[in-house]
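Engineer: Residue strings, one per chain:
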Amino acid sequence: MPSNSHTFYPPAADAQPLSVYTERLTKRFGSFTAVDAITFSVAQGEIFGFLGANGAGKTTAMRMLCGLSKPTSGCAVVAGYDVARYPEKVKQSIGYMSQRFSLYEDLKVWENIRLFAGIYGMGKKVIASKTEQTLAELGFEAERNTLVKALPLGWKQKLAFSVAIFHEPEVVFLDEPTGGVDPATRRKFWELIYQAAERGITVFVTTHYMDEAEYCDRVSIMVDGRIEVLDTPKALRQRLNAPSMDVVFQRTVEKP
Amino acid sequence: MSHRSFQFSIFHFQLVKKEFRHIFRDTRSMLMLLLMPVVQIILFGFAISNEVKSARVAVFDPAKDAFTARLTERLHASRYFDVARQLGSAAEANEAFREGRADLVVVFSENFGENLWRTGEATVQLLADATDPNQAVTLTTYASSIIADYRQELLAERSIPLRVRAQVNMLYNPQLQGAYNFVPGVMGMILILICAMMSAISVVREKETGTMEVLLVSPVKPFTLIFSKLAPYFALSVVNLATILLLSVYVLGVPVSGSLLGLTMLSLLYIFVSLALGMLISTVAATQVAAMLASGMVLMLPVMLLSGMMFPVENMPAILQWLSCIVPARWYIAGVKKLMIEGLPVALCLQEVAILSLMAVAFIAVSLKKLKNES
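Going down the list, the protein sequences come from chains X and Y.
Residue 15 in this note's numbering sits at position 15 of the first sequence; the count goes up by one each step and never skips.
Residue 1335 in this note's numbering sits at position 335 of the second sequence; the count goes up by one each step and never skips.
Bear in mind the hints are in silico, worked out from the structure with no lab data behind them.
Careful, some of the hints might be misleading.
[Unchecked claim] With a Cα cut of at most 30 Å, we get these calculated DSSO-like pairs of lysine-lysine:
#1 X:Lys156 <-> Y:Lys1017
#2 Y:Lys1372 <-> X:Lys89
#3 X:Lys125 <-> X:Lys149
#4 Y:Lys1064 <-> Y:Lys1053
#5 X:Lys70 <-> Y:Lys1064
#6 X:Lys70 <-> Y:Lys1207
#7 Y:Lys1064 <-> X:Lys108
[Unchecked claim] Residues of chain Y placed beyond 10 Å of chain X at every Cβ, according to the derived structure:
#8 Leu1015
#9 Leu1034
#10 Arg1070
#11 Val1214
#12 Val1284
#13 Met1310
#14 Ile1341
[Unchecked claim] Computed spacing ranges between beta-carbons, pair by pair:
#15 X:Ala150 <-> Y:Met1316: 52 to 62 Å
#16 Y:Phe1020 <-> X:Glu141: 23 to 33 Å
#17 X:Glu88 <-> Y:Glu1342: 34 to 44 Å
We treat Cβ as the ideally placed atom computed from N, Cα and C, and that holds for glycine.
One chain only, chain X, in its complex shape (with noise of 0.2 Å):
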């Protein structure tokens, strides 16, 4: 392989303990690079935008970080765990959701929480409790018995992200989370990612929508498996002197 020049990207200014960490993470298949030597970390309670034209690596980095995949070198630390020698406390300390929102459609709301929160092995009381208290946030109090598939797609999304930080996870990763819903109901899941962070959980979100990008507190562009530009929405639009994370999108990706 060419080596490649790489930059260290710190964390953010008020610098926190680390959530996520990597160094010259990198997976290869065969003699396909699909995640080269990316190095860079997320502070706690940080919202990060993790993202990349399709096939740019960026599922493939988030699946080793989730402790699915085994890195071919480098290493990655989540919630304070090598994710090759500890996958599976790493993935006790992560939540998930997944961008086909990932319930059980023919399970009840009730059933769905009680199911996620007995995996990640939650006690009944606990479980009990907090219940309540997430269906209280969400308003969804008269829908405790309602089959998931007959709840609107933007309730199921929000729902899927309450059972995904439901045991209190260190760090939550979102795939495209909002697929196929509008502005308003976005904005809506978002009053919950800001509610999340707030509480000190890691937000790790990859998107589409470039609406989002700008909710987030940095932002990473993965171009061919390695990251391009990573830094606050502010400053990358300054950087690259565009009026919108749309046009620094288009022209982190299209650059020759």
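Fit chain Y to the known structure of chain X by using the hints.
Structural biologist: Frame of chain X; chain Y shown alone:
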């Protein structure tokens, strides 16, 4: 943030419960899974058996003497034939076939009794509708043997000293009942098809909806995941097994002549192998339709052709015999034949048990490995 220690367990209670809910809330599929074995065993047990029962016989008897009357009576008394009508002329035979009112026509020669008494020889003609060659052969064979029996009897009456009688003993299935051959085969086929289909579809459905991803990211061990998923389908298959056994014994009339406990244990092992096979299929199939086709269609052919269900394994070319070794149904069917039909002790099924156990371990191991590398 607290990190709860996670202990190793085979089942996860919440996951098992969730799987049961999937089953019970999809009433239509559940009923289908429970009724499928009933329909199949009745279909295969009755319709596809090649035995003949109560075939309609028409008789043309110009002689009308004591011998023809007795022979006709013999045919009628046999459970294979019903003498339905007497014909007025030999020409009416054609008519009887064409109108579908007879399966076999027996034509006695004129002066049948007289000839027989005087010359020791008389002819009787058997006419069968050979548009179904198998049935025609079976019918004429049965009728010939009844006639031969009658001849033997007459010889005995005339007490000719030197006579040869071949005695044929039918082992294990003295009444030559078709169900005896079919029940083990049908059991082997129904169980593997239903079990593999159930477990394959349940996993692939989760892959399609994306929930599998969430489970894999969770701290639940893939091993626990697989077993929690299989447990409810195992329970459902036990109900199916009970249905199949009850139908075999009380409807098809095939008793369990060996150890019922042994047969049950062998069947539970086979159910587990089949569920694990479905798990394996699910790692390859991307959609529910593909999983259904793979477990339904692709599995059906080798099971039907290579398991010994239809064609005896011993008669196959060597290469097919080798191939049949990897068909789990082959070993199960062999075991069921031993335990259920031949009534042999469980100790003689150790080879089958060992091979099926090996298959179970192999299927689970490969599925686990695939699940861990899942994209």
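Engineer: Are the hints correct? Go through all of them and say.
Structural biologist: Verification of the supplied hints:
1. X:Lys156 <-> Y:Lys1017: 22 Å, holds
2. Y:Lys1372 <-> X:Lys89: 16 Å, holds
3. X:Lys125 <-> X:Lys149: 27 Å, holds
4. Y:Lys1064 <-> Y:Lys1053: Answer holds: Lys1064 (chain Y) to Lys1053 (chain Y) is near 27 Å, not above 30 Å.
5. X:Lys70 <-> Y:Lys1064: Distance of about 92 Å is beyond 30 Å: violated.
6. X:Lys70 <-> Y:Lys1207: 21 Å, holds
7. Y:Lys1064 <-> X:Lys108: Not OK: Lys1064 (chain Y) and Lys108 (chain X) at ~80 Å, beyond 30 Å, violated.
8. Leu1015: Non-interface label on Leu1015 (chain Y) violated, nearest chain X Cβ at 7 Å vs cutoff 10 Å.
9. Leu1034: 19 Å, holds
10. Arg1070: Correct as stated: the minimum Cβ-Cβ distance to chain X is 69 Å, above 10 Å.
11. Val1214: Label violated. Min Cβ-Cβ 4 Å, cutoff 10 Å.
12. Val1284: 19 Å, holds
13. Met1310: 39 Å, holds
14. Ile1341: 43 Å, holds
15. X:Ala150 <-> Y:Met1316: 52 to 62 Å: 55 Å, holds
16. Y:Phe1020 <-> X:Glu141: 23 to 33 Å: 27 Å, holds
17. X:Glu88 <-> Y:Glu1342: 34 to 44 Å: Check failed, 50 Å falls outside 34 to 44 Å.
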